[in-house]
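Asker: Here the protein sequences come in this chain order: A and B.
Offset between the first sequence (1-based) and the working numbering: plus 6.
Offset between the second sequence (1-based) and the working numbering: plus 2.
Heads up, some of the hints might be wrong.
Unchecked claim - Below, a sample of chain A positions facing chain B; criterion: calculated Cβ distance under 8 Å: (1) Glu58; (2) Pro127; (3) Asp194; (4) Val197; (5) Gly200; (6) Asn222; (7) Thr225; (8) Asp268; (9) Asn273; (10) Arg278; (11) Glu284.
Claimed, not checked - Computed footprint of chain A on chain B; a stretch qualifies when at least three of its residues, placed anywhere within it, have a C-beta under 8 Å from a C-beta of chain A: (12) 235-248; (13) 265-273.
Said to hold, decoys possible - In silico EDC-like cross-links for lysine to aspartate or glutamate, where the CA-CA straight-line distance does not exceed 20 Å: (14) B:Lys200 with A:Asp268; (15) B:Lys200 with A:Asp270; (16) B:Lys200 with A:Asp275; (17) B:Lys200 with B:Asp225.
Keep in mind that the hints were calculated from the coordinates and are not lab data.
Cβ coordinates follow ideal geometry from the N, Cα and C atoms, glycine included.
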Amino acid sequence: MKDSAPPLLAVQELRTWFALRKWGFLRAGTVHAVDGVSFELARGEAVAIVGESGCGKSSLARTLLGLDRPGAGEIVIDGTPLGTMDKAALHRLRASIGYVQQDPYAALPPFMDVATILAEPLRIHGLPHGRDRLTAALEEVGLTPAAEVLEKFPHMLSGGQQQRVVIARALILEPSLIIADEPVSMLDASVSAGILRLLRRIQQSRSLTLLFITHNLATVRHFADRIFVMYAGRFVETGPTEALLDTPQHPYTRALLAAVADPDPENADHDRPVPDSEPPSLINPPAGCRFHPRCPQAIPGLCDREAPPGFQPRPGQTGWCWLHR
Amino acid sequence: MSAPLLAVEDLSLHYRTEAGVLKALDRVSFELDRGEALVFLGESGCGKTSLARALLRLLPRNLAEYSGRVSLGGTDLMALSDERFRREIRWSRVSIVMQAAMNALNPVVRVGEQVAEPLTIHAGTPRAAAMERAARALTRVGVSADFMDRYPFELSGGMRQRVVLAMALITEPELVILDEPTSALDLLTQAGIMNVLKRIKRESGTSFILITHDVGTSSELADHVALMYAGQIVERSPARQFFRTPAHPYGEALMASVPRLRDRTEPQPLEGTPPPLIDPPAGCRFAPRCARRFAPCDRPPPEARLDDGRRALCWLHGGAA
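Chain A extracted, bound-state conformation:
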């Protein structure tokens, strides 16, 4: 952001590639899951990364969490480059990043009760894990009576309650950054609104940085300060939430917005203006702008040849598109 305080997280030209092994008659290749992404996250801001499956948004999250190794580029957390950290520093780093997974049921060990699940990170980092600490963690995420919930096993909780336990676990080491990967896509609408509100409330009250990954632009208006739109391993547009939703610049952002059906009986009367095609392969991504094969406004000879430059229609909003050269 604009102020001079150093960012919590700075990512430069990050690339996460996966080599495909040659297997029988299948050809080997490289999946360019994250392919040259740069951004900064300020302390206390909530940012949503939006894109379709296979666009690299989860790979980006996993790279930041240290679960996938970056192939190239630099990640600087709190002033320290990730690449220079020794084992002890990495161990400390993990305590400062919380992770909220997509499927709460898969994220919680079925044979542990909630008390054990919440105590585990504290135990691993050699911190006190008394009953009071665990009770406070559950109360912060609205799971009461906490004493009762601590005794339960994950299968005894509803999906929404399970996701609250996952959030409590992600918060228990008091991290400065929370990465939430599709935190509500497995939940019913009536439950999701509560989970999103909870994340937003905690992010604001604790001044946390929240990186929220989603495929659905409708969920971000109230829950993110900025949005990064990702397509085929790269950002195509970034900007403040209101500006990006109300004056989208990139044809892909516009297509994603057009695809969202708000509940409205008039939806049945007309078709939705979306490209009738599929995202490209990340093994051989298209040359030039990666969206050009699906773009209704692609300029032949330009968009299919050269990667588009960034342009700034207003401060803080950037689109990578040839239409605005």
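Given chain A's structure and the hints, the job is docking chain B onto it.
Answerer: Only chain B this time, still in chain A's reference frame:
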């Protein structure tokens, strides 16, 4: 007024479980006209998939009760033997696209052959004619006939889901049941498939039952909405009314919880959980979570019929008893 294509009365489907009999579908009644799209909208565990199973007689082993009256174009479906149901109804007159059906395609059979299967196996159509109709069915759902010779793994998820849709349409059934047909897909792919369904609905007289938890998607196709909660239909209304002013408080709460892109109101969560289906409360099943609960709600609510066509299982709209 002509007779409806499908008339369902008091349809129940109960399962035996260790904890007792689970009333997944509890005396559900509704009608569906020719060419109409009826959406069953509800959240996990409300009984909407059990409804699809009950209509197509795809019953589990732990069946405890399967009863009610189902009439399809005058045929009494409940009176048919399993054998006649399989031969005369399932897939020839009523077909289904199940959730994540795209992953159930046979990996070693070419796409064209699979789409033609309902004809070659069910109707005994000669192969050449069946393949020709398969090519037409694929084109209708936006898949080029060039894909006939491909295998499922060569197609993307969205393409495979279209192939499954072509299979469901090839016998020209009177009714197609779509159970969460797009929920495993991306937004753009989802919108593309909904566009295909809208076109098919406009161009043919096929009736659709769309089962979904997604309020936005449901408004893409619906003529009527049946809102389900805890094994019952709690509201049955024309889509025009439902998506603006639902009659049941659960409908209001569900609408308020949906995040919207083109609206600045913040989505409101609905507190609490649905009641257990093993021993549901005697009165209104939504009452424990309802902001507008009052004394009568301890007793089973009557079906209130409003002037604009909305019907709700709710004491708020007055009612007898």
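Asker: With reference to the structure, classify each hint as holding or not holding.
Answerer: Against the structure, the hints come out as follows:
no., hint, result
1, Glu58, "4 Å, holds"
2, Pro127, "27 Å, violated"
3, Asp194, "4 Å, holds"
4, Val197, "7 Å, holds"
5, Gly200, "3 Å, holds"
6, Asn222, "7 Å, holds"
7, Thr225, "5 Å, holds"
8, Asp268, "4 Å, holds"
9, Asn273, "5 Å, holds"
10, Arg278, "4 Å, holds"
11, Glu284, "5 Å, holds"
12, 235-248, "holds (count 5)"
13, 265-273, "holds (count 8)"
14, B:Lys200 with A:Asp268, "16 Å, holds"
15, B:Lys200 with A:Asp270, "15 Å, holds"
16, B:Lys200 with A:Asp275, "8 Å, holds"
17, B:Lys200 with B:Asp225, "11 Å, holds"
Of the numbered hints listed earlier, the single one contradicted by the structure is hint 2.
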